[in-house]
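First to last, the sequence lines map onto chains A and B. Here the first sequence stands for residues 0 to 250, where the numbers follow numbering that gives the first Met the number 0. Here the second sequence stands for residues 0 to 290, where the numbers follow numbering that gives the first Met the number 0.
Any given hint might turn out to be false.
[As the list claims (entries may be wrong)] Calculated cross-link-like contacts (lysine-lysine; reagent style BS3-like; alpha-carbon spacing at most 27 Å):
id, chain 1, residue 1, chain 2, residue 2
1, A, Lys184, A, Lys92
2, A, Lys109, B, Lys280
3, A, Lys92, B, Lys172
[Claimed, not checked] On the chain B side, residues computed to face chain A include the following (Cβ under 8 Å):
id, residue
4, Glu170
5, Ala174
6, Leu176
7, Ala177
8, Gly179
9, Thr181
10, Gln184
11, Asn188
Just so you know, the hints here were simulated from the structure itself, not pulled from any lab data. We treat Cβ as the ideally placed atom computed from N, Cα and C, and that holds for glycine.
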Amino acid sequence: MDYRIEVEDLNVYFDELHILKDVSLKIRKNMVTALIGPSGCGKSTFIRTLNRMNDLIDTFRMDGTVLLDRENIYDPKVDVVELRKRVGMVFQKPNPFPKSVFDNVAYGLKVHGETDKDVLNEKVEESLKAAALWDEVKEKLDKSAMGLSGGQQQRLCIARTIAVEPEVILMDEPCSALDPISTTKIEDLIHRLKKDYTIIIVTHNMQQATRVSKHTAFFLHGEIIESGPTDRIFIEPCDKRTEDYITGRFG
Amino acid sequence: MSRETDEFLIEKGLFLTAISSVIVIALIIIFIFWEGYPAIVNVGFFNFIFGMDWSPSNGLYGVFPMIIGSLAITGLSLLMAVPLGVFCAIFMAEIAPGKMRKILRPTLQTLSGIPSVVYGFFGLIILVPFMRVQFGGTGFSMLTASLILTVMILPIIVSVSEDAIKSVPSEYKEASLALGATHWQTIKNVIFPAAIPGVITSIILGMGRAIGETLAIIMVAGNVVQIPTSILDPVRALTSNIAIEMGYATGTHYNALFATGIVLIFMILILLVIANYFHYKKKVTVGGGYL
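Okay, chain B solo, but in the shape it has when bound:
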């Protein structure tokens, strides 16, 4: 075989492998739209998105409470995980002595390797009874789900933020210390601001995991279709809705679950666009951020 045919075959081969993953994703999305579209047409776009009642036996398919449910669970868990994770990352990157870092890092990596059903099981057995005793009610609530999610997304936020903080050039740190700034002033005013684009990336990744999480949430959130009035109310997320009902759904109900999937995809897209906008904007002001 000549060199040219060799090159040709390798290039085309690589192209095929690259294009095949794109094709698979495209096919899945097409399929979801194909199956979900009839439900949106039957129920009506507006009634579907903003409908307050989800009652398939009565022909009511409104996902609005679940959109709110997903956003609320994700938002609440980010509210807890972001400060915790970012401070933990600062500690690990800047303050922890070498030995402690050697223990902390693998521990966090193990946390991210635990399957979500284990987290859910833990939540069901330990956290739900605890919440029931502490706050009354059933213990199945938005707060319970958010707490579990917080633990689940913490490792991502910590490790990506830590990398971002560590990749800030040491020249900045030295310059600041040489001017007589303390270590904490240096972290606060120089190192952390330069790492913000990377920290935003970590939050985007954590958010992606939180909003897509299903099993652990089903096990502890209570899954009642309602707009929560307090963080102790049970809620149902979009992901949970699909997983809970897919076993027995037929006809429009079956299509409506796929339509729920479409809503989920768009929600994630919108959140990603917003997060990336902030990421980009911050990167510009920082003048070429890190990560």
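Excised from the complex, chain A in its bound form:
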């Protein structure tokens, strides 16, 4: 089986706080992996380690290895800008730029040097279609993205991310700020995207994890308690704590 990301013995510290403890996880290509676990267990810190967003925090320290396509992304030779192009991210709160719909999607392409108008137009349309947003916004590409609904904004953020053609998409609770209908749309979208992208999604919603993911990892207090095929984790978890969590006895 081909792995896109291989994490081994990852430890993450913020100052003296030991956030992630000896975390090891292998993530397969073109598949959806769900990360579940109670708040504060380190899921978000984990996915932010995968595109080095934690580098923005002064007190961040880590050891262990994180391999993307067998390359260590924390190697000093690695270009972080290039890495983030390959590992895209969708945030918890929809955060489109205060720019037009078009400029939001074209942004990533422009910062990577694309200036050809025709190419931009084509890629923007393609990305918006892939994010199932095109029909809703094609009449108002030049209007501010701030005027879209929350669900549309989040799909715009996904379109913006896929426009730069990453290999991996990290999603940090992408539906937690959305209503059920928007959530369904995003989940449908995830299903369609998984054949082209490796997706890692953090979620607090157990049903969502079972609906969208093939693989699941359960985090608790900075450790991975259990990981494996989603079906198995939810039907016959090996660990008592996993069972307690997914049946709603704590968390």
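Guided by the hints, dock chain B onto chain A, whose structure is given.
This is chain B only, laid out in the frame that chain A set:
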């Protein structure tokens, strides 16, 4: 005392304190108009505003060269202070490490606390001789005054712009970096555009200080009533005109100085309206700016 009377007294008391400051300002403005109006009537509105000669002993009261003087000094200092201040603010908000920021901020705040007479004195002793040696002439010039003003308004522009840049939500920054943009691309394309309304506010405040500044300008601008043909020419600002001549002015001359004050008030009002228009317009396009 009952609760109702308590409430009544407190509300009325607050109303009085609020209204008293408005009344004081209104009285001052009424007074200035009262004293300035006769001069405008005597000299004629058009002759006063667009008159090229200010010579009270000959009965000539034209403030046009001083309107130009004030605008030119302010404009030139903004031309220098805005880029300098904005880049400094970007550096402090985004690039400077924590320790450096801890030194830079108080230093700038100290700059804004220095009284203008000290700046003027410094300009007179250091800058004027320097300009004389470098560019010839007397050294008293529009450029000298603008340089001093630049230093004076820099702290306002830097600190207000820095606050505006810092209050741009970190979500924008993260989103941009996560797309593989570099730090500078993120600053240029996302953070700074979102902070523009706040930056405009900082420029308005700086402009207000520059156009109202008097003492430091008197000390270094040369105060010759003329329309400058080069930035090395001496000029007189409207504020300087009032301060220089108020000690001995009588009759129409005295009224004309108040009328100069009226012109100054209107000039500041017009500039504020223009600046606020841009501020508002930018805020709308940005979709709710910051500060």
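- prompt: Minimum Cβ distance from B:Gly179 to chain A below 8 Å?
  reply: 3 Å, holds
- request: With a cut-off of 8 Å on the beta carbons, see whether B:Glu170 makes it to chain A.
  value: OK, holds: B:Glu170 within 8 Å of chain A, min 4 Å.
27 Å Cα cutoff - pair A:Lys109, B:Lys280: The hint holds at about 26 Å.
message: The hint names B:Thr181 as touching chain A; please verify it with the least Cβ-Cβ distance against 8 Å.
response: 6 Å, holds
field: Given hint A:Lys92 paired with A:Lys184 - CA-CA distance at most 27 Å
entry: 16 Å, holds
- prompt: Would the hint on B:Asn188 stand, with a C-beta cut-off of 8 Å toward chain A?
  reply: With Cβ-Cβ at 7 Å, under 8 Å, it holds.
task: Could you check if B:Leu176 really has its C-beta closer than 8 Å to a C-beta on chain A?
output: Nearest chain A Cβ about 6 Å off; hint holds.
message: Given a cut of 8 Å on the nearest C-beta pair, is the interface hint for B:Ala174 held or broken against chain A?
response: 5 Å, holds
query: Do the alpha carbons of A:Lys92 and B:Lys172 lie within 27 Å of each other, as the hint requires?
result: 13 Å, holds
- request: Using Cβ atoms only, decide whether B:Ala177 comes closer than 8 Å to chain A, and label the hint accordingly.
  value: Given a least distance of 4 Å, the restraint on B:Ala177 holds.
- prompt: Does the interface hint hold: is B:Gln184 within less than 8 Å of chain A, judged Cβ to Cβ?
  reply: 5 Å, holds
In summary, this structure violates none of the numbered hints.
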